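Protein sequences, first through last, are from chains E, A, F, D and B.
First residue of the first sequence? That's 1 in the working numbering, and the numbers climb one at a time after it.
First residue of the second sequence? That's 109 in the working numbering, and the numbers climb one at a time after it.
First residue of the third sequence? That's 595 in the working numbering, and the numbers climb one at a time after it.
First residue of the fourth sequence? That's 1101 in the working numbering, and the numbers climb one at a time after it.
First residue of the fifth sequence? That's 1277 in the working numbering, and the numbers climb one at a time after it.
Note that these hints are calculated values from the structure, not bench results.
Quantities reported herein were computed from a predicted structural model and do not represent experimental measurements.
Check the hints yourself; a few may be wrong.
[Claimed, not checked] Covered stretches of chain F (chain B as the covering partner; in silico rule of three or more C-beta atoms under 8 Å from a C-beta of chain B): (1) 884-891; (2) 921-931; (3) 946-957; (4) 982-992; (5) 1003-1010; (6) 1015-1023.
[Unchecked claim] Below, computed lysine to aspartate or glutamate pairings styled on EDC-like, alpha-carbon distance capped at 16 Å: (7) F:Lys900 / B:Glu1862; (8) A:Lys482 / A:Asp555; (9) F:Lys1076 / B:Asp1874; (10) F:Lys1097 / F:Asp641; (11) F:Lys1087 / B:Glu1352; (12) B:Lys1833 / B:Glu1823; (13) D:Lys1269 / A:Asp469; (14) F:Lys1089 / F:Glu868; (15) B:Lys1442 / F:Glu1034; (16) B:Lys1728 / B:Glu1641; (17) F:Lys1035 / B:Glu1443; (18) F:Lys900 / F:Glu957; (19) B:Lys1302 / F:Asp1048; (20) E:Lys93 / D:Asp1178; (21) E:Lys96 / D:Asp1178; (22) F:Lys698 / A:Glu551; (23) F:Lys1003 / B:Glu1352; (24) F:Lys900 / B:Asp1869; (25) E:Lys107 / A:Asp473; (26) B:Lys1652 / B:Glu1734; (27) F:Lys1076 / F:Asp641; (28) B:Lys1302 / B:Asp1391; (29) F:Lys1035 / F:Glu957; (30) E:Lys93 / E:Glu9; (31) F:Lys1035 / B:Glu1862; (32) A:Lys482 / F:Glu697; (33) D:Lys1269 / A:Glu145.
Every residue, glycine too, gets a C-beta built ideally from N, C-alpha and C.
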Amino acid sequence: MVNTNVFLEIGLNHYLVLSTVLFCLGMIGVLLRKNAIVMLMSIELMLNAVNISFIAFGKYNSNIDGQIMVFFVMTIAAAEAAVGLALAVSIFKRFKEVNIRFFEHLKG
Amino acid sequence: MNFTVDMGDLLLTSPLIALFIASLIPLTIKVLKGNIEQKPIATLTQALLGIIAAAGLLVSFGGEGNTAFNSVLVFDGITLWTGLIALAAGAGALILMFENPATRGTQFSELIFLTLSSILGMLILISALDLLMIFIGLEMMSLSLYLMIGMSHEQRLSKESAFKYFVLGSFASAIFLFGISFIFGSSGQTNILQLLESTVQLAQGNQLFLFGIVLVTVGFCFKVSIAPFHAWTPDVYQGAPTPHTAFMATAVKVVSFAAFLRIIAMKPLVGSESLFDILQWLAVITMLVGNTAAILQNNLKRMLAYSSIAHSGYLLVGLLAAGISNNGSFAASGVIFYLFAYSLMTIGSFALVSMMEKTEDHSLDVDDLAGFAKRRPALALCFSIFMLSLAGMPPSIGFFSKFYLFNAAIGEGLIWLAVWGVLNSVISVYYYLRPIVVMYMREGDADVSHAGHFATAITIIVTAALTLLLGVVSGPLLALVEASLV
Amino acid sequence: MILSTLVFLPVLFALILALWPQKNMIRPMALVFSLIHFAVGLIVFQDFDTSTAQLQFVEKHMWIEKFGIQYFLAMDGISFWLVQLTTFLAPLIILASWNSISEKVRGFHICFFILQSAMLGSFLAFDAILFYVFWELSLIPMYFIVGIWGGSRRIYATLKFFIYTMAGSVLMLVAIIYMMYLTQQAFGQMSSNLLDFYKLSIPFIGSDFFSMQTLLFFAFALAFAIKVPLFPLHTWLPDAHVEAPTPGSVVLAGVMLKMGTFCYMRWVLPLFPEASEYWAWIFIMLGVIGIIYGALVAMVQPDIKKLVAYSSVSHMGYIIIGLFVMNHQGLQGGLYQMLNHGISTGALFILIGMIYERTHSREISQYGGLASVLPNFTIFFFIITLSSIAVPLTNGFVGEFLILLGVYKASPWAAGFAVTGVVLGAAYMLWMFKRVFYGEKGPLVADEKHPLIDLNVREFVILVPFVIMVFVMGIFPNHFLKYSEASIDYLVKNKSSYQLTIKGEQ
Amino acid sequence: MTADAFLFWFLALSTVAGGVMVVSLTNPIYAALSLAFTMVSVAAVFVTLEAFFVAGVQLIVYAGAVMVLFVMVLMLFDLKHEVESFARGKVTGAIKLLAAGLLAGLLIGAILYSSSGELGSSAPQAAAQIDSTKTLGYRLFTQHIFAFEALGVLLLVIAVGVVALSRSKGGTHGKH
Amino acid sequence: MSQTALMSILLASPLIGFLINGFRRKHHSANVSGIIASVAVFISFVAAVLFWLELQGMAPESRSILVNYGSWMNVESLSINFGFLVDPLSSLMILIITGVGFLIHVFSIGYMHHDKNVAKYFAYLNFFIFNMLILVLGDSLVTLFVGWEGVGLASYLLIGFWFTDKEKASAGMKAFITNRIGDAAFLIGMFIFFVSFGTLNIQELNALAPTVAESTWLGVATLGTLFLFIGATGKSAQIPLYVWLPDAMAGPTPVSALIHAATMVTAGVYLIIRMNPVFLAAPNTMMVIAIIGVLTVVLAASIGITQNDIKKVLAYSTVSQLGYMFLACGVGAFTAAFFHLMTHAFFKALMFLGSGSVIHAMHEEQDIRKMGGLKKYLPWTHLTFMMGWLAILGTPGFSGFFSKDEILWMSWHSPLGHWSLWALGALGATMTAFYMTRLMALTFWGKSRVPKEIHPHESSPIMLFPLVVLAILSVVGGYVGIPHVIGAILPGHPENILAGWLGNIVKPIPGITEADAAMEWTLMGVSVGLATISAFIAYTLYVNKQEAVQSFTNKIKPVYELVYKKYLVDELYFGYIINPLVRLSENIWAYIDVRFIDRCTYWAGDLMKGGGSFVRSLQNGNLQSYAMYIGLGLVLTLTFVMMR
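Could you build the full structure based on these sequences and the hints that come with them?
Quick look at the structure:
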């Protein structure tokens, strides 16, 4: 029964696990992708994961603040995306390259 | 849910409003003049006036522990003091920007705008009582900073460092946010004051809440560069224009620690023994990492970056003492005093680095200081004072701040951390003395880049004098801070 | 106010020198200043009460209320002569630097005066934090003196000196803070007043190394042992001495090393009576090893200055064993030996500096037959050598005799081993003397192009006070011993209940 | 199997699949498209959680604006076809994967462990399902008014800053 | 004149002489410097005589004058005064010192005539006299020690007087350091006494020590006296610390006469006599002293036979004669020891001065193989030297006879003595006769072997005058201590004046029996006979049959070489003590200091640097690595939190 319950009765945990999986996927992207733009995308993925958990918590706690959080996070994520892409563009203009491997001048 | 915005809220937030308005003035003038920069000195003056106004308002209305906007913001002692330090450090950084080749000239108004916005974010961060507000403040501070670094006249390293800083910062932000969501989810609250009521049993039994706290802590550890979350620090500090580095090393660090302190010092919030233990270990590692790596650095800014990491380690000790203390105000005041002292010395050191940079892409090595004492004895003396003070030699402020910090730590039984801290400060002596060795004991022709560094020079001398003298009279100062924290 | 004046007058001098416009006036002014300082130091003779162990000339003001940190200066019999020694050496050192410091003259004198201030402060401070401030502060000017005006390996030497010394003292800071908390426990109010520290009774369990008193004892003792320096922590000393300029070596040997031994008397012995008695054997053993080891290593040094540096290790070993036997003769002798060492080793370094100025070499093998070329110099050197090897009627004998007697009373074996230092001391000093001054003329001495010139008036003026002190202290030791008698007596008789009081207070 | 459950599993699958594609596809354009797909899926997840307003915002802001930005930037760069998507280094790669996996494991463990507590049991209550958008707006302009204003400032900062950044030219030394 | 003033004059006079000559050391006139110095010593001599007269005027039991100049060191129970004691013993001693000293000063005027540092020389001599007086007069062991080290210092300076010669400088150093070994032991001895008796005052020690019975074989008194005796072996050149004395002949010859024959080297004997009650309380020490003394007698005498340097022969003779004094002390015959000290001072000073005269005449040639037949060139020197020779041989009637014979007799007769001691002593006397006769024969008698370029000439009167005075003293000096048995047969039955004079100072040997006159005569006859035979053989061999000597030495070459090379003791010391010590020092410097302690320091530094470079290697510039650290840190933190 437990097994079927897990599949059939969708609860908070399901959403949270989904969120976590997505978060870690985003993290893998940040850690492993060599393309800077894709790294930015992965960060967006992580933020989206956070949003899922906020909404889920909000819903299961009957707390509307979860959605408000998401509202703010989304806006800030958009702002971050803008800044990130602007930086990426300016870097691309300078280096003609977005492979992260070429940005290792500062080290040691 | 009755809610009104009243005059009290506005008065309390008036420093923020003033800062925002001040940040817009140069930009507005530039737009009205048809996209032509006004004289940098005018821009600087406006910005400094804005900072002074903000500081004045902060002193006038803040510091009483009043909350604004339905307990979203609080203006207590921590806000007041760290706000003042941040404002002062920001002012110092602005002066450096005014005269640094990588930042002066075109787009100075935009730079000033971003700097003041960053400070605005800081003020929000240190006054925030809501995790959401903390996040917004953090982001406002950081995003402005990324942009500031990115728009440096130096094109290679600063871009790289801006991008690194951005990606890692966002990464840490995501972790931080995930932590907030766990806290929110497990407690239904984001307001720290309300969290306090329920944290004790939450921290005991609820793994999710604990994890949330850990994630938030990691986010802060990233910002204050606690090992192993420190790795961005040397690269960013080195790559960013020196005034920005100074800004990051002081203002950013101060406010991050202040917010960290706000969370940590609320004992129930970190009721977890295990988190406390791991933070001790992080402090230990951080001190060691910062100090040992700094020994091998040639680049002056990078060395100072590692030293900044080491100082974060010391500060974390104080923070932990504040965290477990029943009388939190003592250790907390120690931390704040240390932040003040550290800012003073660091602004001064970076000011000298800034003065010596001849072009925007000039990277200054320790060896480039050779012979500096012969040409600029006063400045060399000031720099020596900063270095010795950073190393914790009496009678400078660096010694007294360390003394207060470790005193608090020993008072709370963290003797082994204090011992470790002082031993590390011995290691640090080695690299702090190196610039002095090079300046005084090697032949060379180091000099400041050109004569027009009046404001920076004054900054250096003022900070040096304060570094030297404030330590001796630090007793009343500390008492004042402590009294305001109760 | 006299003690504050004494401590901070040099800072004022340093400021005046820093701001004085004419460069060529720096030296004479510094000389006059140091003489003034010496004269001010003599004032305390008049009012010093030798009959009591109580603190005199007390100045006590609250400094940092929260921690009970006070600005507390006072003098007693233990610090009396060391203060005098410090001010006595100053004019001589400035005179000795007349030629050897040729560049950055202003900076040198500023460093020197700040150093004076720090050293006097650490002799006179009766507040732990105030003491620590002075103690650490003294490193900085010394660091510059060695580092800027030193020899070829000066940077290595000065860093070694700084880091060694600092490494020792930071643990002391932790111990001090810990003791401040102990005062809070005991008296309700935190205090770093040394008199309050004395009142503490810190638990001690001999068999338990981690008992509180033992740990605190070692934290303090380590800091001072490095400064002394005690074998095996001595290796910074030869390097620092060899690389330091003459005046730097003189201050280092003359006063700075005394800070370590002095602090054993002021801090370690009275604060941790049980621990220092229980662990005395370690220090006596290390002291004895230091005596023999220093002497043996000194014997084979090719460099005169290094030889004298190692002889310092040997001599400081005597002082340590004298202090740790904790009886009248040992302590008095130890204190006396501090003064002796200041005089004789200081003078030796000055003499070596003089010859170095003439030949620019310190290699013993390059010399020989100096006595026939520089007879006056030889006489002074010989007299100081006698003082160093403790020939009776020189100051050295009184100190060594009292120490060895005291040590014999407590530990005959230690005295037996320490006595070999008497022989070895004579061996290395006289062997060096023979190789440098006797025999055929060495390459440097015979150099026709650079004929060596005997002492000039300035050098006479420097050396004569030393020689006078050598004999005065050798023949009239009672006049010196009586100043410390009451304090030592109190220390010996009340070592486990050492509670100094302030003169005129109940 | 209820519709709810089916919907959840479907959306979860598509979200995760989109995520996996984002991190694994070599061509950044495909990755961007996968991201858009994920975002849409997330918006749908929001809908299943009855956060309709936020779902809309998600579609407009993320799937719309942000994605356009990404795609535009990618077009601007005119990247040649990339041969490999991951950074080099097998060992570090493994460590990184391990770290992420462990993190996921730890977090999921904590979530499941906590579910026995008071949170997992608290089922969504019907009473809370009043007009969420209205409540949202109300909360936003009362409780979170300051945050809202701060957000406005933040956006202004971003706007100005990004412009300044894009206009910045290097090498101005000597000029004032 | 008050005693304090007299004492001040006694002590200050040579000191002032030292200072005057010291400050005018650039002046080269031997006459002026010499006269200043001699007058200074003469004033002291007069003062000494006055003291002696004053003592004469006192009752025998209370013959002591203490002059206290005040406290020197005063720490708790330790209280040391600048106190100077004149009693029968020290009064005689200062008479010898100032008297012989004066004569030698006078001799030096002539001898050092040509030296350009003559003022310095006389300054040192006066300095020596000053210190010797302190040694003798000091009323506590510490005051005594002042003079003890002071004379060592003066000896160091005078041995190394011609310091441009490396050998001579080394000899001075050797003397001082060897003495220092003794001094270190002396210090320990003092400490032992201080800790046991709480005082270092000699008078008090003498009174206290006998009251403490020695309960073990190595009690306090034994231990303390043993250490003092080690000190004495250093100063008085006994086994094993005698090695410095032969080398000390590097100094000017009058110095050898004054310091290394007449006065300083006898300080050890003087010390023992001074503290005789303490030593008597330690029979074990006494035994050791006697054995060491008699061994030294034989050893030094045997070496003396083979030496070719006129001064070296005299030096070993001195060592040997000092051995007799210690033998006397060891058997408790302190009076005899002092008696021999006195006569030895006369005849040995005489012989040294005589040898100085010879060397002076031979233009600094000291090798007796290059002399011979000098009798005709140096008649006065020969005559006076011969008086000394007769005295040291123990020729009846001469001073040496009385003193040496008393020692030999006591070593047989005393309860502390033993027949073997007597036998060895007599053997020593025989050898003494041999080598002194050899010296006489090779130097003054026989054929001249003087190199052609040297024209020996008799010394000036100023040098001959001291010789004559000393010669007279060598002859008649013995009559102050005529032994009882001899006195009994002489007209008027002269008493042993010296024994009477020292009667209150020297404690009688416990358990001594009435002397057996017949036995004493027999032994006296045996020893005199042996000496005579031996002298005759030597005379025969070295005056007439040198070839026989040559062939004989060739036959026993290994033994001869060994003795000639002083039993290789110097080599032994250098090879097994000094050189290893130096090597050890070099090694501990190189290995412990440089390679170990410093290495540890560097190692700590390198550890830090290693840690630093590890951190730097992690800081590889790669953004994703940094993110990985964050991730790993996060995982670790979470794991840790979870585990707890």
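Evaluated hints:
1. 884-891: holds (count 3)
2. 921-931: The restraint on the segment 921-931 of chain F holds, since 5 of its residues have a Cβ under 8 Å from chain B and three suffice.
3. 946-957: violated (count 0)
4. 982-992: Our answer is that it holds, as 5 residues pass the Cβ test (under 8 Å) against chain B, meeting three.
5. 1003-1010: holds (count 4)
6. 1015-1023: With 4 residues close enough to chain B, the hint holds.
7. F:Lys900 / B:Glu1862: Judged against 16 Å, a Cα distance of about 14 Å means the pair holds.
8. A:Lys482 / A:Asp555: Measuring from Cα to Cα gives roughly 9 Å; hence the hint holds.
9. F:Lys1076 / B:Asp1874: Violated, because 42 Å separates the two Cα atoms, which is more than 16 Å.
10. F:Lys1097 / F:Asp641: 12 Å, holds
11. F:Lys1087 / B:Glu1352: 12 Å, holds
12. B:Lys1833 / B:Glu1823: 15 Å, holds
13. D:Lys1269 / A:Asp469: OK: D:Lys1269 and A:Asp469 at ~13 Å, within 16 Å.
14. F:Lys1089 / F:Glu868: Given pair F:Lys1089, F:Glu868 holds - Cα atoms ~9 Å apart, limit 16 Å.
15. B:Lys1442 / F:Glu1034: Roughly 7 Å between the alpha carbons, so the hint for B:Lys1442 and F:Glu1034 holds.
16. B:Lys1728 / B:Glu1641: 13 Å, holds
17. F:Lys1035 / B:Glu1443: This hinted pair holds, its Cα atoms lying about 14 Å apart.
18. F:Lys900 / F:Glu957: 10 Å, holds
19. B:Lys1302 / F:Asp1048: Roughly 14 Å between the alpha carbons, so the hint for B:Lys1302 and F:Asp1048 holds.
20. E:Lys93 / D:Asp1178: 12 Å, holds
21. E:Lys96 / D:Asp1178: Holds, at about 10 Å.
22. F:Lys698 / A:Glu551: Distance ~13 Å between F:Lys698 and A:Glu551 Cα, so the pair holds.
23. F:Lys1003 / B:Glu1352: 13 Å, holds
24. F:Lys900 / B:Asp1869: 13 Å, holds
25. E:Lys107 / A:Asp473: 15 Å, holds
26. B:Lys1652 / B:Glu1734: 9 Å, holds
27. F:Lys1076 / F:Asp641: 14 Å, holds
28. B:Lys1302 / B:Asp1391: Given that 16 Å is the threshold and the Cα spacing comes to 12 Å, the pair holds.
29. F:Lys1035 / F:Glu957: With Cα atoms ~14 Å apart, F:Lys1035 and F:Glu957 stay inside 16 Å; holds.
30. E:Lys93 / E:Glu9: Violated. E:Lys93 to E:Glu9 sits at ~52 Å, over the 16 Å cutoff.
31. F:Lys1035 / B:Glu1862: 26 Å, violated
32. A:Lys482 / F:Glu697: 11 Å, holds
33. D:Lys1269 / A:Glu145: The given pair, whose Cα atoms are some 15 Å apart, holds under the 16 Å limit.
Taken one by one, the earlier hints fail for this structure at numbers 3, 9, 30, 31, listed in ascending order.
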